[in-house]
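Chain order of the listed sequences is L and P. Numbering of the first sequence is given in numbering that gives the first Met the number 0, commencing with residue 0 and proceeding in unit increments. Numbering of the second sequence is given in numbering that gives the first Met the number 0, commencing with residue 0 and proceeding in unit increments.
Heads up, some of the hints might be wrong.
Label pairs and their computed distance ranges (CB to CB) [to be verified]:
1. Ile272/L / Arg145/P: 49 to 59 Å
2. Ile259/L / Val95/P: 49 to 59 Å
3. Pro56/P / Leu45/L: 49 to 59 Å
Rather than coming from a laboratory, the hints here were simulated on the basis of the structure. Glycine residues also receive a C-beta, built at the ideal position from the N, C-alpha and C atoms.
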Amino acid sequence: MTTISMNERAPLDPTWHAALRRHARLWRAGVVMAISREAQFRANVLATIVVGITQLVVSLIPIFLLFDYAGSVRGWTQGEVLVLIGLHQMMTALLATFVAPNMEELTEAVTEGALDLLLIRPVNTQFFVATRRVRPANLFGVLLGIVLVLIGLARSSGVPDPGAIIAGAVVFAAGFVLLTCAWLAVATCAFWMSSVTAGLLVFQDVMQAGRYPVQFFPRVVRFLLLLVVPWAIATTLPTSALTHGIAWWVPMASVGFAAIAVMLVRAFWRYAIRFYASASS
Amino acid sequence: MTPHQTLRLLRRMIAINIAGSVVYRANFVFFMLGTIIGPIVSALVWQAAVASGAELPVDGSYLMTYFVLLSLVTMLTSSWLANFLADAIRDGRLSVWLARPGSFLYELAANNVAEKVVKLVVLVPMIAIFGLIVRDSLAVDVVAWRWIAVLASVGMAAIIVFACDVIIGALGFWLEDVSGIAWGQRLLVGLLAGQFVPLAIMPVWTQTFLQAQPFRYTVSFPLEIVVGNLTSRDMVIGLFVQLAYAALFVGMAREIWSRGLRSYSAAGA
Numbered sequence: 000m001t002t003i004s005m006n007e008r009a010p011l012d013p014t015w016h017a018a019l020r021r022h023a024r025l026w027r028a029g030v031v032m033a034i035s036r037e038a039q040f041r042a043n044v045l046a047t048i049v050v051g052i053t054q055l056v057v058s059l060i061p062i063f064l065l066f067d068y069a070g071s072v073r074g075w076t077q078g079e080v081l082v083l084i085g086l087h088q089m090m091t092a093l094l095a096t097f098v099a100p101n102m103e104e105l106t107e108a109v110t111e112g113a114l115d116l117l118l119i120r121p122v123n124t125q126f127f128v129a130t131r132r133v134r135p136a137n138l139f140g141v142l143l144g145i146v147l148v149l150i151g152l153a154r155s156s157g158v159p160d161p162g163a164i165i166a167g168a169v170v171f172a173a174g175f176v177l178l179t180c181a182w183l184a185v186a187t188c189a190f191w192m193s194s195v196t197a198g199l200l201v202f203q204d205v206m207q208a209g210r211y212p213v214q215f216f217p218r219v220v221r222f223l224l225l226l227v228v229p230w231a232i233a234t235t236l237p238t239s240a241l242t243h244g245i246a247w248w249v250p251m252a253s254v255g256f257a258a259i260a261v262m263l264v265r266a267f268w269r270y271a272i273r274f275y276a277s278a279s280s
Numbered sequence: 000m001t002p003h004q005t006l007r008l009l010r011r012m013i014a015i016n017i018a019g020s021v022v023y024r025a026n027f028v029f030f031m032l033g034t035i036i037g038p039i040v041s042a043l044v045w046q047a048a049v050a051s052g053a054e055l056p057v058d059g060s061y062l063m064t065y066f067v068l069l070s071l072v073t074m075l076t077s078s079w080l081a082n083f084l085a086d087a088i089r090d091g092r093l094s095v096w097l098a099r100p101g102s103f104l105y106e107l108a109a110n111n112v113a114e115k116v117v118k119l120v121v122l123v124p125m126i127a128i129f130g131l132i133v134r135d136s137l138a139v140d141v142v143a144w145r146w147i148a149v150l151a152s153v154g155m156a157a158i159i160v161f162a163c164d165v166i167i168g169a170l171g172f173w174l175e176d177v178s179g180i181a182w183g184q185r186l187l188v189g190l191l192a193g194q195f196v197p198l199a200i201m202p203v204w205t206q207t208f209l210q211a212q213p214f215r216y217t218v219s220f221p222l223e224i225v226v227g228n229l230t231s232r233d234m235v236i237g238l239f240v241q242l243a244y245a246a247l248f249v250g251m252a253r254e255i256w257s258r259g260l261r262s263y264s265a266a267g268a
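Kindly generate the complete structure, drawing on both the sequences and the hints.
Written out as structure tokens, the structure is:
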């Protein structure tokens, strides 16, 4: 019988499925910790909810005004744009919950040397820095978004068929991965720059454009919103899937695009980490 | 301190703050990109609406000119001191300033002016490029003397916004955290000032209120002088109303600030 003393630990199982389970356990532990932390700051949770509702109401004013003056804009009706804003709200809430807190900390970890302690842990450092912080209070925004999507659907095409819902969900999920990758790529620039906070703010400002269908914009902006900061995949395409239906290859292409983005951002991280000179030493 | 000494102090503080801001010039490029993105998005969206046959109370060139100049006026009239002031009150850093001949508000004002100088250098080329791209849709036909009115209006707008921020920051004398109030104020003022949508295209039933409320004079009014069809009479009346609002907000800020200082007790005070 093999016994393991306090000072000896069994080596980590190097197989990919064991690593996947280990990382999933780690992420779950982070979520549980975040929930217990939020429970201690209930006033903050309430403030986050009020902020979410107010921001959504204010963001709807230009849309209602726009369609007061025009029956449809570039083929989009008010109901369809409401669906899109609902999806945008869901996406920003998901990013605020799972991505934003980590990106804000990444710069600090690099510039102040806290990354040292993360690099020596038996986990994938990029996964850990990109996922360890969660702000569950922001998930309320997802509920608001769902309500808005339902209102928009009721005002436009009605209930979509299951195939359209699945296609929309797949493209939406691919959009989430793509936006996370884009955000992580900007944050990774912290290895060369003293602060990328301002760059991250610009990334957040670009989010405003995702609140409108890409067809509203000239070709250059459409290209940017499709390939550079892929809000078109996160909001316009899922809305089209739910309201008009999309070609079968679009969800597959979105997933493929997301997979390529994950590989690219992984390669970028590996390249960037070579330039880390440990600010703490 | 005599007014001459105060001016000399402010000049030195502005110079120091400019030197400090220049160190972070790359950050200012990103900050200004963020400032201009919102108006560009709005301009393109409303241009799409016009192209789709929207019948607005103003024409397409009004909207485009408004949004091209919006980021410049917003930047020139902006203030960001509320949270810094409340933090200084809470953690006792204000105490150091109480022993100095100049008020902490001078430092905040100097920082405001200095950062705007640096931001202006960065923002103007961006606006010029944006304006050049959409030059066919612009309509700036303003006689020379109206630009003087625009400058005066922007100056008074900046004073109103600064005084508002002092009022909110000074609530830190009595409240633990003012960030929520500051955030709510920014959102509400943004809407009422015409930062999200020009006030001219807001619903007719809101116009009487929108034209009278003070926050119109923080962004919309200076822009209306340039792009709107304000008669000379309306413009002069507007400038006097703006002056009255500026005096009102400065008076309120002074009162709240001096009351706060009298009740101040913090770490190191």
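Results for each hint:
Between Ile272/L and Arg145/P, the C-beta spacing of about 57 Å keeps the proposed range 49 to 59 Å intact. For the hinted restraint 49 to 59 Å between Ile259/L and Val95/P, the CB-CB distance of approximately 54 Å keeps it satisfied. Separated by about 39 Å at the C-beta atoms, Pro56/P and Leu45/L break the suggested range of 49 to 59 Å.
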